[in-house]
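Q: Chain residues, written in single-letter form:
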Amino acid sequence: MDAFMAFLTIFTHPELLLLVGVGTFAGVYVGAIPGLSVTMAVSILISFTFSWDVLPAISLMIGIYMGGVYGGSRTAILLNIPGAPSAIATAMDGYPMAQRGEAGEAIGTTTVMSFFGGLVGIVVLAVLAPVVSDFALKFQPRDYMLLAVLGILLVGSLSSGSLVKGIFAGALGIAIGAVGMDPLTFTERFTFDIPLMRGGINFIAVMIGMFGVSEALMQLHHVDTPAIRQKINRIVPSFGTIRKHLPLSLQTSTIGVLIGALPGTGGDIAALMAYDHAKRVTKNPSRPFGEGAIEGLVAPETANNAAVGGAFIPMMTLGIPGDAVTAIMIGALFIHGLNPGPMLMVEQPDMFWFIVGALVMANFFMLLFGLTGIKLFTKIVEMPRAVLIPLILLLSIVGAYAVNNSITDVYWMLGFGVFGYFMRHYGYPLGPVILGVILSRLLDDNWRRAIISEREDLGRFFHGIVTSPLSLVLFVAVILIFVSQTPLWTKFRKKETASK
Amino acid sequence: MQDHVHHHDSTRDGSSDATPGGIVDKRRPGELVFTACLVIFSGVLLWNAYGISGFEALSGAGSVPMATAAVMLISVTIVFWRTVKLSKTEDETVMEDITPPLVIILALFLVAYGILLKPLGFLPTSALFLIASIKLLSKRNWGFTLLVSLGSLLAIYLVFRIVFTVLMPAGIVPEAEALQLLRNLFKGGA
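Residue numbers (numbering that gives the first Met the number 0), protein chains in the order written: chain A, 0 to 499; chain B, 0 to 189.
What the hints contain is simulated information worked out from the structure, not anything from laboratory work. The structure presented is a predicted model; accordingly, all values stated were derived computationally and were not measured. Check the hints yourself; a few may be wrong.
Stretches of chain A that chain B covers, calculated by requiring three or more beta carbons in the stretch to come under 8 Å of a beta carbon on chain B [stated by the list, open to error]:
1) 183 to 195
2) 390 to 400
3) 417 to 431
4) 451 to 463
Going by beta-carbon spacing under 10 Å, a handful of chain A positions derived as facing chain B [as the list claims (entries may be wrong)]:
5) Pro129
6) Ser161
7) Leu219
8) Gly239
A few chain A positions that, by computed beta-carbon distances, are all more than 12 Å from chain B [stated by the list, open to error]:
9) Ala2
10) Phe24
11) Gly103
12) Leu118
13) Val126
14) Leu127
15) Leu136
16) Ala215
17) Asp223
18) Arg279
19) Pro341
20) Leu387
21) Asp443
22) Asn445
23) Thr466
24) Ile478
Here a beta-carbon is modelled for each residue, glycine too, at the ideal position from N, C-alpha and C.
Take the sequences, apply the hints, and build the full model.
A: Structure representation (structure tokens):
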């Protein structure tokens, strides 16, 4: 009953409802503007909601997240420019549809399917998270440590062509998170005897730099790209279209939730995998894939929104982010004095049910804003980058400054912005850095707890891993990720496919 | 697939969430220098991590930092080794594709912003920054530039000062006094 009341909180408080609505609206448009990503929006925003209560802050962020994952599809369909990474697969069939004059139908189907996928994700979250967190209470410190490593490795390996670069980025994040005084022994770590560094590096400054400033600097390469206009017709899809694709959308939503729930992987990977799945299972697509098949829209759009619910599962139950945005949300919860993990689910289940409620609401708002406001949309997307880029930079500075009222944070932010800019140019993924920063404490604490409980004996530590089924599974998963990226494995796979 | 999706060379830019940019099988200009810097940086970090608590205990304050720095050093050394062996991209230069003048100028603007923020205050510094960068990027006339930059600055100021209650350095602008004056004015009028 309490859970249900907490779930209803969002519906009975008009101001929270409004914030979810505003967030979703902003998310749809932020997601739609190429160069403005959800991660960027949430990381800049978190600094501004710093002084708020936790519920309004979370409401706004959830709205932005849900709306942003969807919003990227619009520009993917209309301009062939995915507004967000999770919409990359959407462009493959969405744009050909728009070229045939079916942009309205494409947008309508996308919206309804995103809504459907979002709902599936939320239902799975609501059903599964309590189970997972019960289970997670039995986790040993070493399991948390392995999970953290697994998360960083997964995002590193799935998101980039190069696992070593992903590993480097993740390790860099852990190192950044370790800067400052060690909370257990009060030893200085990575401070280089500079007094300013004793307090550590503000992770919000790192995030805004990497996702805000570096993105804005990157967009300078495309400052002269002219905006393209598209005509849009009927937008609400027919019931028949939706019913016809229900089986496929259920499958791809499931893929979305699963991928989203893996620590470190989010909507972008889910969408690509779902697209691939649709290509394999659809016998008679409306048109060949890549030429405007509606199935090619249904699959990625259900999956990426389902991944939102999925991403909250490890975040709420284990304190391990499902993707970059949930990593930032964990940061926000920390700031507001909450500690995501199995204990949060036990001690403050209301928080969990509130978030589920907010997600449901955000999903409805997404449907509403998705099917309306096309005129406004085309206006906003046509905003020239010459204006957009300076504004993002200014907001990044204000955001970095606002957290601690400190100029130092602004300098860190700018430094990481420039560094992130080079990382992007040379193919280093940024997601693992953020995951590393967020998980640094968890990894360090749990490693030390684990090894102390084994009396500083590495042999006993490994014995513990092989004798516990859960630890063993996690350990094998970590090893597998490594092996799957080695040249040996690639050769093996090639042989395998050749012999088929 | 990638070429089909992106315009220009934006695959090389990466995206902010998970997909990194770069070119997999070619070496971009400056990549070797960047990687070399990372190798040196990781080495220094490992040395520093060793200094935290040495090898005294597996649970020491320095063990995770040491392991982390070691992983960084090993991985980036592998990257360096691979990068050395790659052939250069033919159509790219540092000044055109990695750090074109616009990027350098904007980065300098940001540094200037950081320096001026405290002494000048938020409003004048931001106004200067927006006017200069929008003029530079849009190449439009002064009317457009001033209207857009000052208009958006006003909007940002109102939203963040009033809705988010973010306090930025006032500097030379008597902000608090002005707001108080405004409040009194409205009170007087009501």
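Q: Would you pick out the hints that fail for this structure and give their numbers low to high?
A: 5, 8, 16, 17, 20, 21 and 22
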